[in-house]
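*Asks:* Chain residues, written in single-letter form:
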Amino acid sequence: MAESLSSPSGKAGLPPGALVHVGAQPQTAGRVTLISYGPDHCIEREVHTVDDILAGRREGDTAWVHCEGLDIAPLLSEIGARFQVHPLVLEDILNTHQRPKFEEIDNCLFIVLKTLRVDGSQAVQHEQISLLVFPGLLITFRERRDDLFDSLSQRLAQGRGRIRSLGSDYLAYVVMDSVVDRYFTLTDALEETIEAVEAHLLGRPRAQTFATIQRLRRELVFIRKAIVPLRELLTALLRSDTELIGAKTGPYFRDVFDHVIRVIETLDSYRDLINGMLEIYLSAVSNRMNEVMKVLTVFATIFIPLTFLVGVYGMNFDYMPELRWKWAYPVLWLLFFLIPAALLLWFRRKKWL
Amino acid sequence: MAESLSSPSGKAGLPPGALVHVGAQPQTAGRVTLISYGPDHCIEREVHTVDDILAGRREGDTAWVHCEGLDIAPLLSEIGARFQVHPLVLEDILNTHQRPKFEEIDNCLFIVLKTLRVDGSQAVQHEQISLLVFPGLLITFRERRDDLFDSLSQRLAQGRGRIRSLGSDYLAYVVMDSVVDRYFTLTDALEETIEAVEAHLLGRPRAQTFATIQRLRRELVFIRKAIVPLRELLTALLRSDTELIGAKTGPYFRDVFDHVIRVIETLDSYRDLINGMLEIYLSAVSNRMNEVMKVLTVFATIFIPLTFLVGVYGMNFDYMPELRWKWAYPVLWLLFFLIPAALLLWFRRKKWL
Amino acid sequence: MAESLSSPSGKAGLPPGALVHVGAQPQTAGRVTLISYGPDHCIEREVHTVDDILAGRREGDTAWVHCEGLDIAPLLSEIGARFQVHPLVLEDILNTHQRPKFEEIDNCLFIVLKTLRVDGSQAVQHEQISLLVFPGLLITFRERRDDLFDSLSQRLAQGRGRIRSLGSDYLAYVVMDSVVDRYFTLTDALEETIEAVEAHLLGRPRAQTFATIQRLRRELVFIRKAIVPLRELLTALLRSDTELIGAKTGPYFRDVFDHVIRVIETLDSYRDLINGMLEIYLSAVSNRMNEVMKVLTVFATIFIPLTFLVGVYGMNFDYMPELRWKWAYPVLWLLFFLIPAALLLWFRRKKWL
Amino acid sequence: MAESLSSPSGKAGLPPGALVHVGAQPQTAGRVTLISYGPDHCIEREVHTVDDILAGRREGDTAWVHCEGLDIAPLLSEIGARFQVHPLVLEDILNTHQRPKFEEIDNCLFIVLKTLRVDGSQAVQHEQISLLVFPGLLITFRERRDDLFDSLSQRLAQGRGRIRSLGSDYLAYVVMDSVVDRYFTLTDALEETIEAVEAHLLGRPRAQTFATIQRLRRELVFIRKAIVPLRELLTALLRSDTELIGAKTGPYFRDVFDHVIRVIETLDSYRDLINGMLEIYLSAVSNRMNEVMKVLTVFATIFIPLTFLVGVYGMNFDYMPELRWKWAYPVLWLLFFLIPAALLLWFRRKKWL
Amino acid sequence: MAESLSSPSGKAGLPPGALVHVGAQPQTAGRVTLISYGPDHCIEREVHTVDDILAGRREGDTAWVHCEGLDIAPLLSEIGARFQVHPLVLEDILNTHQRPKFEEIDNCLFIVLKTLRVDGSQAVQHEQISLLVFPGLLITFRERRDDLFDSLSQRLAQGRGRIRSLGSDYLAYVVMDSVVDRYFTLTDALEETIEAVEAHLLGRPRAQTFATIQRLRRELVFIRKAIVPLRELLTALLRSDTELIGAKTGPYFRDVFDHVIRVIETLDSYRDLINGMLEIYLSAVSNRMNEVMKVLTVFATIFIPLTFLVGVYGMNFDYMPELRWKWAYPVLWLLFFLIPAALLLWFRRKKWL
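Chain order of the listed sequences is A, B, C, D and E.
Once you know that position 92 of the first sequence is 92 in our numbering, the rest is easy, because the numbers rise by one and skip nothing.
Numbers in our numbering are just positions in the second sequence, counted from 1, shifted up by 1000.
Numbers in our numbering are just positions in the third sequence, counted from 1, shifted up by 2000.
Numbers in our numbering are just positions in the fourth sequence, counted from 1, shifted up by 3000.
Numbers in our numbering are just positions in the fifth sequence, counted from 1, shifted up by 4000.
Among the hints, erroneous ones may be present.
Straight-line C-alpha distance at most 27 Å; calculated DSSO-like pairs for lysine-lysine [unchecked claim]:
#1 K1350/B - K2294/C
#2 K4101/E - K101/A
#3 K2101/C - K1351/B
#4 K4101/E - K1294/B
#5 K3294/D - K4350/E
#6 K2351/C - K3101/D
#7 K3350/D - K4101/E
Because the hints were derived from the structure by calculation, they are not lab data.
Take these sequences, add in the hints, and give me the full structure.
*Replies:* Structure, rendered in structure tokens:
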């Protein structure tokens, strides 16, 4: 079971509010980057304390503090204290078994997402991404480091598009959009597998096909669990009347919402397709088995009367006139060919072959 | 997989807002037509720029700008700029993987539909149709050119019915009505296939019947995915208090809504029918197989005692009085007929045959 | 496919608003009856124009205009003009593929119902009934003529009950009540068939039983499609604050609503029962087949060791002492009875027989 | 079909408002009891007219009029007239095919319940109980007489608990509570049957087990149909702002609501359990059949090479040296034991036995 | 049936309001503990009467009265009288067949939870926990004594975290959090079993695997029944505007809500997984059976033509020239090897082996 379904009870028993990382992922050494930007500039540097952050951020700039790796409890509690974040939010950031959620808390928005990635061995890896949206400041937390936000950093550095002229809400949108875009990569990969399985189904069904179908189903369960709550999350976000999301950014979040709905509907179609493939597979296996059994039975049936006949002339009665006839034996051999031929003809007429 | 289920991730990585056509369809060279009409006239001409549009439209007229083919990014961005359309809407028009949706955006309504068509090889083709409804101006975008709007153009040219005396909202209704009407053509085609399959099921089930049933199921998944969101779309449209839809046109949109509900209910009945047919097919296949196996087994069973008997008189004991009897052999042949007859009678009484 | 599931696309392409009858039913020649009544009188006459109607209706009376057969386009358009009925309503009346619906339109209520009838050959026939409720005037439209409203006419003529002293809203209730009452006749017929099938299932399952179960399922799909929308229809009617339904008649419509819910729940139970019967049937068929195969296999199994034995003593070895023994042959015959007996005993102990 | 699923159409055709008993139950001769009580007294007497009721009820008392048996049309219409009950309510009381419902009508509450009872032959009997709640007066109607309300009468007579000091609303609660309590008796009976079936399933599955499972499923359909509407009924009752239910009695009705939810959830678990048992049964039957067939096939397989061997030495070739060997025959007998032993060993290693 | 699904009708017939313990659990002798604490102290003592409680609680302190074992009717009725608790609430505390619920009653909140525990024999044990939340006072009732609240008591005694400085509402949260945390222990245990079953499924399916899968399904039914109502409970609690829950504690309850949703979604995934495993099991069993039957049938098929051949040369015709040939017998033995080899080759080419 590569993906754990439940949340390990590792933290059961701890008092609520203890800042301990709870999750199955091996830890990536934490790195915290600050990107401070305005319409005409963009400065990126590594930071270690909240003071670094405050010092590195220019007056009037939008700042993005991006934490990769979750062994950052000290920094996190400092953030909690300075930016007045509720202790439960801090806990949720470190416990990577959260379900996607959106919360408006006093002075900030708290968003938890799951990003999904197909790794080399075709297993689905998930990672938790948390966002804290303050006015003019976005703090994001990831478990690992990969290329997910590379294009985003580049865009910020190059100042392409609207990104530098809009605030932390637009930045939060771009982050969520990157995460949701990756879901499409995932559905593409799923679709490729489904197409491959469908191609196999047209040929001879193999036990491995069955295993793949079951693996697909299982993966769909996990993927849906990570993505479906986003619908609710974004509905809540769009309905909320928070001032942290400006009127200009609203349509962008609605766009993300549309994408999520599309992903979910695609997953739903996959579920239907996979169930259909399962039926086709089972029907094919059963057909094949039936064919084999039928042919073998027909084979046996054809020999049954012949074996009876040879038995008859193996009997030792004193008075069996045929045994004396000269042409009896050749005639019998003729029968040995005629009887099967007649039976085969009959079976074919009955459409049994 | 003729119809792609997911949206290819081709655009993943691009900054939001890039006007690039994203879709699987081979492109049709774009053609943009302007139809400007009032109660007593109707002028149609091809246009290439927004200035053409503005010039070609008479004061007080209703104008319909109809774009076929999506290689029109320059015109589109010009439209975006002049008519103040949100950049995300422009993107959605070019990305043909949208789900049907309705949006009220400041000064216009944005509607995305899917039209469905059964092509020569019985596959379902879908195409995205987008509508931008402004006061006195309707802009529509299609991926291809076919006869979908021919009768509508004719009606406009001939001035039949109410069409020329009502505004752009009524025109939008007529466009949507044309799209929805084509769904009925589709359900008719489906129904024909279903009837054909039902006729086959009464005869001898063939493996091909199974394939057709599975294809029907698969197609229903796609068709539902394109049509079901329309229910929601029209509910939102009917509930919205936009001034862009006049009181007079309201009932017409309610009528389209009724049609959509009817299509969806029809598709639901098809789903039930197809599931029923699948059961009938599987039951028929299994019955057939059972019949064959039963008959063959009965056949074998009848010969078993005979073969035993001939074995008995093939034994070489010194003292076997029957072997000496003159009538033993003929009597045995009699038994070879009586025993099967008795067995057959017994089987028939037990209703095994 | 006796009942068409989809709406034929016959009208696709016509401009909205064309008054053409669209439907599969052979047409009944139209007849229009006017019944004008008050607490102490009731006059019935055939009419042909709206003028006839206006002339035939006494001051202060309630009038019921009842149209049977739908070849009445001229009268209908006259009604539309005189009573200011929306053109789409007129279309809906003639297009008998409507789903049941309720609409409040300016000055009148528009209700569409489906009446269901089991005909001689056990097929379910449906017919569309439309009602236009004006103050003091009810206009109803049917496709055919049968005894559905006979008892209602009689009650009006004889002045039994409350009917004559209440207005057109009460009359509309009585019409709907007649239609819904006929559903009970239908569920009674279904229940009879279900009971018959259940009786058969206890005996020997026949292929015909399977066909009947499948037919029942199919019919349920159609029947539900005609009846279930009534729930929504009546909810809308009861929630509406129209002045066309008086406070006194409200409880009567709630009563119809209760009946409809009861019919729907009954249909739901039937669905469960039918699914259960299908399972019983399939299980019975499979049991039967298993029984047959088992008995035949046991039969074969019993003869296998005997055939082996007779083979042994058919061998031609020079040195086989048993062949010389005098009692060998009779003892073998004893074995031929003892071995099967022992095997049968063993099988029975194992509960295989 | 002991329980009728649909409402017989016996009343179809009658004018609405005819007071005729419609129901499948054999009639119990009606008996009407008046219990008039206050905090310190309780008088019970049989009554026959509304005048009896009015005369028997003491000033300031709470009165309970309890009708058993439904051949009471004259009294009922008298009650209708005197207490101004809507004619449709009177009809509903006599038509025992109502679904459970709650209605606020002008001056009274109208509640219809279904009580369920397992009779001697394990069939579920249902009976309709209607309540009319007036200020200070409760009228109840039953179809039959049994011990359902005995403990309630005793409590009233003995003045135990709160019952005598609270009004007609509390009395209505106690009546409903008695009805709902009986559902628990029913679920206990169901649970006993389910446990018995589960015990059987662990042993050898019998065809009767299948029948019992199917009967349970069928009964659940009926029971749910009688109980599930109570959820809706009580929600409506708790939400209504009627003055007929005092603030003090509110919590009691909420308690009944909790009980009903519990019953429904219990029934839902039963449904899951029964479906699980069905699967276990089918799997057990199929396993058993497989076992039998496998053993018999193995049995046949073991004899096949032996029969071949004896056939070989039954051949009549002139030159077959083994036939002359002295030890050939005993060696063959050795083979007749070694070959099966080897085959059995092989089968066991393959885990086929 | 270790867990009873329905509520025994033991109390049916008792007047509402009788304080009798109703439940299947063997009783634990009651023990009532009072913990009175403030920011800087925490006193724990055993109490027996309400007077003890009142005496033991310091002015301004928060008090937690914790009752283990339900044979405390006298104390309970005293609590009812002194703290003005509604009689139905007192009843519900003693009747351990409640479903989880939340009620706001005048001066207090009443919460019922179910705690679940896997005992030694892998069966799921449930226990009812009731909470009465007053300002500054929390009373909890359990059926048994175990280590569930041990860490909570310790935290109170040691004054760790926020617990001592917040009121009875926070204490109620901590109690609920402990209960919900234990669900994760349960889902971990379930997951272990599921993983073990999945490992078995990859190997050879055993009948025991089927039993385990069915047991898991059954347990999921029970577990869901205990946990799912918590969603509704917490929704009601979070929506209520009670003053008993301070603004500071709100987020904590939302946190519990998130945990509950997570547990429910995890259980839903388990349901999907278990259904998948069932399918894999059945498919594996059927595959295995098919394999065995196929191999045995092939085995038989191979011997059929050989047995026919030896029969031929066992015939006693006078004129059978082969019988005289010297090499006939050895050639036949060659055939006895060639024919099977050819058949096996053919079967393998047909992919039947």
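*Asks:* Please go over all the hints and tell whether each is borne out by the structure.
*Replies:* Going through the hints against the structure:
1. K1350/B - K2294/C: holds, 14 Å
2. K4101/E - K101/A: holds, 25 Å
3. K2101/C - K1351/B: Given pair K2101/C, K1351/B is violated - Cα atoms ~53 Å apart, limit 27 Å.
4. K4101/E - K1294/B: violated, 59 Å
5. K3294/D - K4350/E: holds, 24 Å
6. K2351/C - K3101/D: Status violated; Cα separation ~53 Å.
7. K3350/D - K4101/E: Not satisfied, since the Cα-Cα distance of roughly 56 Å exceeds 27 Å.
This entry does not satisfy hints 3, 4, 6 and 7, going by the numbered hints stated previously.
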